[in-house]
Every structure is written in C-alpha cells, then in structure tokens.
Amino acid sequence: MTGRRILMALAAPVSAFTFSVLISSAVLIAVGTNPIDAWAEMLSFGMRLETLVETSNRATPLYLAGIAVAIGFRMNLFNIGVEGQYTIAALLAASAGAAVSLPAPLHILFIIIVAMIVGSLFSGVAGYLKVTRGVHEVISTIMLNAIAWAMVGYLMRTWLADPNDTTLNLKTREIAESGRFPNLNGILQTFTRDIKGGRELGGFIIIAVIAGIVFHLYLTRTRSGYDLRITGLNPFAAEASGVDPKATVIRAMLLSGAVAGLIGLPEILGDDFKYDLSFTKGLGFAGIAVALIGRNHPAGIAVGALLFGWLDSAAPILDVRGDAPREIVSILQGVVVLSAVVAYEVASRARQTQEARDTAIATATPTDTGSDKPEGEVGA
Amino acid sequence: MNPVPLKESRALRWMIAILGLVLVLSVTQELARPETTDLISAGTAASTLRRAVPILLAGLGGIWAERAGVVNIGLEGMMILGTWFGAWGALEFGPWWGIAIGIAGGAAGGLLHAVATVGFGVDHIISGVAINILAPGITRFLSREIFAKQSGGGITQSPRVESVGHFDVPFVSGGEIFGWATPDIFGWIDDRGWFVVSDLFAVASGITSNVSWATLLAIALVPGTVYVLWRTPFGLRVRSCGEHPVAADSLGVNVYRMKYAAVVISGGMAGFGGAFIAIEQTGIYREAQTQGRGFIGLATVIFGNWQPLGAFLGSILFGFADALQLRDRTAVHALLLLTGVAVGLIALRSLKRSQPVGAGVLLLISALTLWWYLVTDSVMSELPPVTPHIATLIVLVFATSRLRMPAADGMRYRKGQE
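Line by line, the protein sequences give chains R and F.
Per numbering that gives the first Met the number 0, the first sequence runs over residues 0 to 379.
Per numbering that gives the first Met the number 0, the second sequence runs over residues 0 to 417.
It should be emphasised that the hints constitute simulated quantities derived from the structure, not laboratory data.
The C-beta atom is built at its ideal place from N, Cα and C for all residues, glycine as well.
It is possible that some hints are incorrect.
16 Å max Cα-Cα, derived EDC-like pairs, lysine to aspartate or glutamate [said to hold, decoys possible]:
1) R:280 <-> F:286
2) F:414 <-> F:248
3) R:195 <-> R:318
4) R:170 <-> R:270
5) R:273 <-> R:161
6) F:148 <-> R:318
To spell it out: a stretch of chain F is covered by chain R in this simulated footprint if at least three of its residues, at any positions, have a beta carbon under 8 Å from a beta carbon of chain R; those stretches are [to be verified]:
7) 111–125
8) 287–297
With the sequences and hints as input, model every part of the structure.
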C-alpha cells in the first residue's frame, strides 16, 4: 500500500519533468540543434565539483524562498509578496549590519534577526489587511511588492546609500568582517579535491537546512502547525474544532515573511557584504515555482530548489560550447512548473476517485451483512 | 422610470464631473508653488492616454476572465508574450500584423491558462503564477534565437519597430480631410491661455491630436466589451458561468466552452496591451518592459468593480500618475496639495456623519500631506509609479463593502459536481 502511494506520489513529478524535457527537446530540434548533445553536455559539465558547489549556492536562497511560500500555501494562503519582502529585508538587514559592530556570531545573528523581522512586518501588513478588512492576500501582496521596490529604490538613493561611495553604482556600506558568514570550503575539501576557480561553498546552506527541518517539525509536531495544516485542508472543520482562523492567517503570514527575510542573506552575508544594484531579483517568484514543484513539502522543495539551481549552474556550458542556446533552460523551468501543477492535480483527482472506490468497496460489504445482524439481535 | 431621461442625466453628470475635475486641476496648477505647467496640459493629456491604453487592455482582459469565473493572475505573462510577438510580427509583416500577432501570442497564453484551470482544474492563482514564470522564459529564448541574430537586436531587445500611424481629429485638432488641413480649434483655444477654459481645451486637444489608430481600437474595446458581455446571449452565458456555473449548466450552457472562450479573449486583450507597449509606446521590444502593468490592470478590475467603464477610469487615473512622473516632477508635487485638501474635505464629511475616529485619521493624513507639500519642492521619483498600487490598497481597505466580484470567481468548476 505504502509502496503504491510512494509510486503514485513520484509518478506526477517524474512525468512532469519528462514531459518538460520532451517539450524543450522539441524546441531545440525546431531551432536546429541536437537536444541529446545539449543534455549530454549539460550532464557532464553539471557533475563537476565546481558546478555542484554553484548548484548548492544557487539552491540555498531558492530553498528558503520555497519554504517561505510553502508556509502560506499549506493553508491556502498565497504569499505572492515574498519577492518584495526579501528585497526590503535584505536592504535593511545589510544596512543594520553595517551600522553595528558586534562579536562574530552575535553580529550574524543580529543581521538574521533584523531580516526576519523586516520580512515578517511586511508580510504582516497583508495578513492584517486580510483578517481585518477582508482584502485578498494575492492582490495586497502584489501591490505591496511594488511598494517595497519603491521603498528600496528610495532608501538606497537617500538614507542608506554609502556616503563614501564615489561610483554611480548605489550601494549600502559594507558589513564588517565579524558579520560575514564563513564558507564551507574547508569541510568540503576534506572529502573532495580542492575547489578551483575561487568558488566558495556558501555556509548559509546550513541555515536553509535548519529552516527546512524546523518547518517540517513545526507542521508535524506542534499544535500551531497542526492548526495551520488543517485550516488549509478544511477551514470550516478547523474553525468548528476551535482553531482561530484569523490568528492562523496572521501567524502564517508572519512566519512566511520571516523566512522570506532570510532569502537575500546568503548573498549579503556570504558574497557581497552589502546591498547594491546588482542584488539578485526574482528569487521570490522562483520560490513560488520551487514550492509548486515540491508540493510544499520540505523534501520536495529541496528537490525543486536543487533542480532549478543545477539547471542554472549547468546551462552556461551550452553557450561556451555553442551547442544550444542556454535560454532553453528557462523554457524547461517554466514548462516544469506548469506541467507539475497539472500533473499533481490529475494525480490528486485520480487518488480521490481511487479512495472513493476503496471506501465504497470497504463500506459496502460490512453494512450489508452488519445491518442485518444488529437488527436481528434486537428483534431476538 | 423612463430610461431616456436617466441616460441624459447620466451624460450630464459625466460632463459636470469632467468639468469639475478640469477646474480642480486648473486651480491646483495656479496655486501650486513651485510653479508647474504640466499638471494639466495637452502634452500630459496625450501622454496619459498613451500610458493608460496597455493598463486598460490588461484590465479588460481581467474583466473577461473574471466575469467567466477565472481569476487571471497570468495577465502579466500574457502581456509579456504580447510584447515579444507584437514586436516580432511588426518587424516581419508590418505594425498592424504586429498588433494581430501580439494578440495571438497573448491569446495562446490565455489558452494555456484555460487548459490548466478549466481543463485540468488547477488552482487559478497557481496556474497564473506558473504562466508568469513561463512567459519570460519563452521570450528570452525566442529573443536569443531571433532578435539576437538581427542587426540592432540582442538577447534582451529587438531592432526598432515601426508604429501603426497616427491621426489628428479633423476640425478640432487640425486633421486633414482629402489633403485639406482643417483648422486646429482646440489648439488655438489652448494657446489663448484663458483660465480653466484653455485648460479644458488643452486636454481635448491632447487627446485628439496625434492619436494612434491602435489607441482608438483599444478604446473602442470598452463599449465593445460592455456590448458583448451585457447585451448579447454569448455575454450573458459567459457571465452566468462566473456567477453560478451549476445553474448555467442546468440551463444548457456549455460552461467549459464559455470559460475557454473568455480566458482566451482575456489573454488576447493582454497580448494587445503588450503589443501596444512594444509597437506604439516604445517602438522597440525590451525585456521586462511591461513593468508589472498586467498587475496594475488587475488592480483596475477591482478598482472599477469588475465593470469595463470602471476599469477605463482606473486606467486613466493610473496612466495619469505614470505620465506626470515622466514629464514633470513638480506637477506631482502639486498633486500633494490637491490630495491634502481632498482628504481634508472627506474628513470634514466624516465628521458631519459623526464618525470621529475615521475623521481624525483622515484629518491627520490630510495635515501630513499638506505639511509634506509645504516643506518640500519635489516628490521623490519613486512615489508616482507606485501610486496605483497604494490607491488600490486604499480602495480595497475602505471600499470592500461596495465592491462586488462575480459570485463564483476563482472557484474550480467540474461538470456534475456542486
């Protein structure tokens, strides 16, 4: 039974991925390149140690973004605003981090906490508007995204800009050495060869893994996480059994925003040590994609984040070798998302029909014999 | 009540409202310090109209989908498809073909959304988000394959694109009839500099001179949408699917087919909006040039209470914010004065209706806005572009009870299931 369930659970994502590879291959054939060569090229390049390090670095923020989105999704709350939340959180956390000097672990902790608070304050607005005024969170978070970007643009240009900067590239002041996250090259290199090309395995992956584990424990082992899950499954039943829907919405939004605040930190704490114009955008939306692929499950999101991270890291070889345009990867990613959500929908419908049939069979036999018996006994 | 006088009184009310607005803007322009000349002018009016069109088209697209009960967050992605296919079509076959192919590109996105939401029953928001992720991937790939190989193009932009052409309205803005140049009456009055009157004609002149044929077509889609959705059997069927699909089904309406049609039309409108940006507004395809206008279009749907005319007004308002910010920042500053006074008046009204708390809050906002106006000379450049978003949030917060979305909007529908 469990074997069949695992098989069914895997069937959907695997077929979605296969479908996407087929579509992308068809596109490659259409533009006159050999898809098999391209995929083989990517596979061999993608297995190099440096590419895998890059994959991990790219997957880390994607995973955090996926978790942030999934917290909302688990109770049918669509936090489209992760994009804005992480951007403004990264800016303010980077500035706050540059403004203080603390001993190393405390400094990092301080920056992390600032980012989480900013992120949750921003998402909290959407949660508050939903429970007090009934404003749908999709619309409010979309609007808040634009507002967040405007605020970031304004703050960077004025109050938070590095006053000693003479270039045109706006940036905040740099965070001191004590506030930088160590890389994991030392640990990795004890198992493997040296990492070439000056690449570093970002240490923030540890925080991402912790976030995933905490998310899982929260959902499965705490009362509050249970409330959140059952509200997503059946809001009416949840309310009838004493769950406060408003508190749950606020809590989910705050948590989602807090995790969203972490998304920009691998870049701030491990790479740039400041917020500037080249700060990575689009991770919030990519996080939605990753959460959808991973079905909002911490392990599934990890697979999604690693897949997207790997595709992004391995794609550049296509340009180098000139076999195919690397942009095929963005088509592949887009098709994966869309076909995955369709596949999950189809699979869940198939499961429901199957369950309904199973229940019908299971309940049909006992009631036929069982309904006679007690009556007979009562009669006797 | 007799319908004819009602219509007349409505037209009258519209005229009074427009006159009132022009008067208010004229007075604000006169009073504002530092001085501004662009708060109300022919240039601003023309620019407002041009910037409103894509937002309007996205809004109409949103109305089509949501009236059929399908929430379309994917408008942005469909618009992106419209920009690329519009530019490509214009380069290959000429500007009008560009518009047509842009519409087709958006409609293809709409079809994808319909297949996912109506065909497979995927959640509307999820499918829309997925389309917004997919569309830029497609256009990036296509640009790489096609534009990057043309001279003047690249991975993120196309070569220059020709526009569909413009016209001046004859007799009022100096348009030509069979080669004879008619007088430019509006422009002449605008030049006289008569208080209020010239401003009124400046606006009229702005929106009647050098108008793109595509703009005309887009605006014609407002009454067109009203007509089709509210005056034809097809429209009634589409709307019934958005209100109560089970009832519609019981009356023999093919709910799936109606939803498919409406969502494809929705995508087509968004595609038109995208093509308009590329062909008419900028004359070039550039990556991410929609700048979230699909989302603003979605906002106008709510803003306009799921009515085409409401979406039109919303798009004009948002287009105005867009136009001002590009033309003249002191004009935006002048709007602070207007906002402050307007909010103050609303506060007084709340006070009269004995709502002291609301009045207090509004009074505070009014005072802060006026203080802001007095101590500064210009507004930060980041504010005007987000006014649509802030306005939408405010409308949602304060007017939720007056908004009425289609009853079955966003719900999954499976035939034979309640």
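Checked hints:
no.	hint	result
1	R:280 <-> F:286	holds (14 Å)
2	F:414 <-> F:248	holds (8 Å)
3	R:195 <-> R:318	violated (21 Å)
4	R:170 <-> R:270	holds (14 Å)
5	R:273 <-> R:161	holds (10 Å)
6	F:148 <-> R:318	holds (15 Å)
7	111–125	holds (count 8)
8	287–297	holds (count 3)
Hint 3 alone, counting from the list given before, is not met by this structure.
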